[in-house]
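Participant: Since the structure of chain G is provided, determine the placement of chains E, U and B on it from the hints.
Number of protein chains: 4
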Amino acid sequence: MPWDELKPREFAAFEKDLDGISRQTMQDHYKLYEGYAKKANECRRILNEFDYAQIEGNQVYSPLRAVSVDYTFALLGYKNHDLYFGHLGGDGGDPHGRFAELVDREFNGVNKWLDALKKAASAARGWVIVGYDLNDGSLFNYLMDSQNLWAVYNMVPVLALDVYEHAYVRDFGATPDGRKQYVEAFLRNVNWDHVNRQLAQAEAAKQGADATGLQEPAVAGA
Amino acid sequence: MPWDELKPREFAAFEKDLDGISRQTMQDHYKLYEGYAKKANECRRILNEFDYAQIEGNQVYSPLRAVSVDYTFALLGYKNHDLYFGHLGGDGGDPHGRFAELVDREFNGVNKWLDALKKAASAARGWVIVGYDLNDGSLFNYLMDSQNLWAVYNMVPVLALDVYEHAYVRDFGATPDGRKQYVEAFLRNVNWDHVNRQLAQAEAAKQGADATGLQEPAVAGA
Amino acid sequence: MPWDELKPREFAAFEKDLDGISRQTMQDHYKLYEGYAKKANECRRILNEFDYAQIEGNQVYSPLRAVSVDYTFALLGYKNHDLYFGHLGGDGGDPHGRFAELVDREFNGVNKWLDALKKAASAARGWVIVGYDLNDGSLFNYLMDSQNLWAVYNMVPVLALDVYEHAYVRDFGATPDGRKQYVEAFLRNVNWDHVNRQLAQAEAAKQGADATGLQEPAVAGA
Amino acid sequence: MPWDELKPREFAAFEKDLDGISRQTMQDHYKLYEGYAKKANECRRILNEFDYAQIEGNQVYSPLRAVSVDYTFALLGYKNHDLYFGHLGGDGGDPHGRFAELVDREFNGVNKWLDALKKAASAARGWVIVGYDLNDGSLFNYLMDSQNLWAVYNMVPVLALDVYEHAYVRDFGATPDGRKQYVEAFLRNVNWDHVNRQLAQAEAAKQGADATGLQEPAVAGA
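As you go down the protein sequences, you meet chains G, E, U and B in turn. Heads up: the first sequence runs through residues 47 to 268, numbered per our numbering. Heads up: the second sequence runs through residues 47 to 268, numbered per our numbering. Heads up: the third sequence runs through residues 47 to 268, numbered per our numbering. Heads up: the fourth sequence runs through residues 47 to 268, numbered per our numbering.
These are computed hints drawn from the structure, not numbers from a lab. Please read these numbers as outputs of a predicted model, since none were measured by experiment. Wrong hints could be hidden among the right ones.
For chains that are exact copies, the list does not tell them apart, and a pair is met inside one copy or across any two.
Unchecked claim - Simulated crosslink set (DSBU-like; lysine-lysine; CA at most 35 Å straight-line):
| # | residue 1 | residue 2 |
| --- | --- | --- |
| 1 | Lys226 | Lys158 |
| 2 | Lys84 | Lys158 |
| 3 | Lys158 | Lys62 |
| 4 | Lys226 | Lys62 |
| 5 | Lys62 | Lys84 |
| 6 | Lys53 | Lys84 |
| 7 | Lys77 | Lys53 |
| 8 | Lys77 | Lys226 |
| 9 | Lys226 | Lys84 |
For reference, chain G alone in the conformation it holds in the complex (with noise of 0.2 Å):
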């Protein structure tokens, strides 16, 4: 647990007028996020200074329990965060490169997962996070109904789509027609260069992985 400082970064999304989406949503959602990076960096600080030899792990209550679990709630408040502003900034359109190969292979069409997308935006109470599983390669769009209700692991996000209200209550209004209309100004917003950055990214871990060829055998006893 020799965890760096976690620090708000700078985004290029702050720098210029989005399409849709207000200075002030954008200043107010990064307040936000300085509040996860503090809270997760408290949350370190607190469980490297447990003693545990002496602390209580006690499963219905202890603080062990409580900042382990709660750390998570910041840990990905930031991380969902961080990637969310890295995408905006950019010209939208239609996805491209080696992300829009892989859901047009994968979803039978570009369009198909951009169905699929919008239809999880709106099914989900926080994020949707396009995830890429390091065990078989494949893509799914996550719902995730709090910052860290529902992730998974073995799993690399791609295109993180914040839905909680906050992203969109001041602009578009706090309703389900609200979130749609939220949801298209995200893609407008889109920079697909750095969705695919991150996807060259999940795919040379993937790629790291197998080539240790460690991977588990189909019958272990093997």
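Facilitator: Chains E, U and B in isolation, oriented as in the chain G frame:
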């Protein structure tokens, strides 16, 4: 989503007598693992058959959100157990190799990591997953309260310790003390080479991703 | 399960200008309330139409569990908002009547309860529900992280304070400070008589139950 | 929050041999119940000692939110088991009395309710609580995924069926089939008079509340 069919594998742990963990417990446990594979496959089939242009996306209740969310319970139910069964059948003893090296460094001693693992095992409601973070290469004992509660992404699991009651009630009793005895038994049966193989893949994945040179800069807009 | 159809009601709060909470926020908020009623009714219909002799009961994924679980999200989404809208439209000021009497006694002063309410409002992710316990008649500021996360039974809600972002982002901004300003605005618009009416029903419910003389004895087997 | 200290009670079920549920299972189970009482009391003490004027209210991580949330796990862990142990020690058989009358009417037959209960018991991850709604007097088999996940307020529990693995693994095995056998055993040992006593209190609570004449009108502003 061109997912392969998940298939329950065979494991060396089922070919021998474990120390303290009964064959009956293992056999019942395997049935749960088969159930997770079956349900994950069923969810994948449903998710593949949805017509995303037509389907309702609703965050209160909709089949799309229900299947998407509980799919992660099924998927991690499969992956968690696949890893756990792969660990068992070893000779226990002290952690060695690269894994020992890393936890020694990160927790200021292998025994301090063991303390932390045991306290985490008492404080979790489902699993402890020792996870390797693909961003910074740190290890952490993640508490999970069910198959999918409080997992994080960008994390490769290295060691999976089941603390659901099905893992220990028959052999050690449904009490906090019974759970502690079970954790000791788990450590007597763990195959540290298997843990090291997971870690080798995790580190190779990080190296693969890092080698792309596409990691986020400190200032994203730069 | 011979449920009535839930119907969105009309509220006095929508007939006037609130202090600090805009009509636009209230109108958008009402649409969410209508959505919860509609979905709760839909879930009730599905639950009534299941053939329980034939249906699959599966804890990993099954339509039965999905509808049963998300029904509580819809139902409390309706009930939470029904109570909240009923509170608004008042003149705020200090709590009075029986409610003031109880929180004065239980929290060692009305202002200390107000402190506790405000801190709870910053610490919750969805709602603060001041609940009256039917077992012992105590009041507690329950934190709820969504429409249905961490509710308890045998509790009658007396005051419901929505801290979902939809309640305050448009008028006060999506920041912790914006939420604090919103909570002050809520307190300027609350109708304490309405809160007292809830409390009167809660106390009457406890008295009704107690009068049966059927409460559990200290020793159940006696 | 002038809470009484929760005290584990004695139950008739522990004075006799149950049919199919072993004394060892019951003894281990009682220790969990004692643990919930102890932790609920500890959380109450912490919650009472906070200085609410000074304490941090933070929704990402703060001791206030951690204790407030996990207190409900402890509290319902106590209440769930208190009810469950109270049911046991009876002679099973067909439901009778007012409870039978209500489920017969609401589920179109007592056997159809039993079908629904059994399917719910397979579909839940923690408890099935047959709850009486104080708003409309309806009964529903609520699925709970842990001690406190998906409880609802304004509900009085009438029957509590524990399907955590600690309730059945030792006697019936940690499989879906083992759980089914355990549910049959529960029904052979249930004391329907005890269930009817809970229902009598629930109905009296509703009558008490209704007699105030303070229920919400169809049009709140009227």
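Participant: Determine which of the earlier numbered hints do not hold for this structure and return their numbers in increasing order.
Facilitator: none
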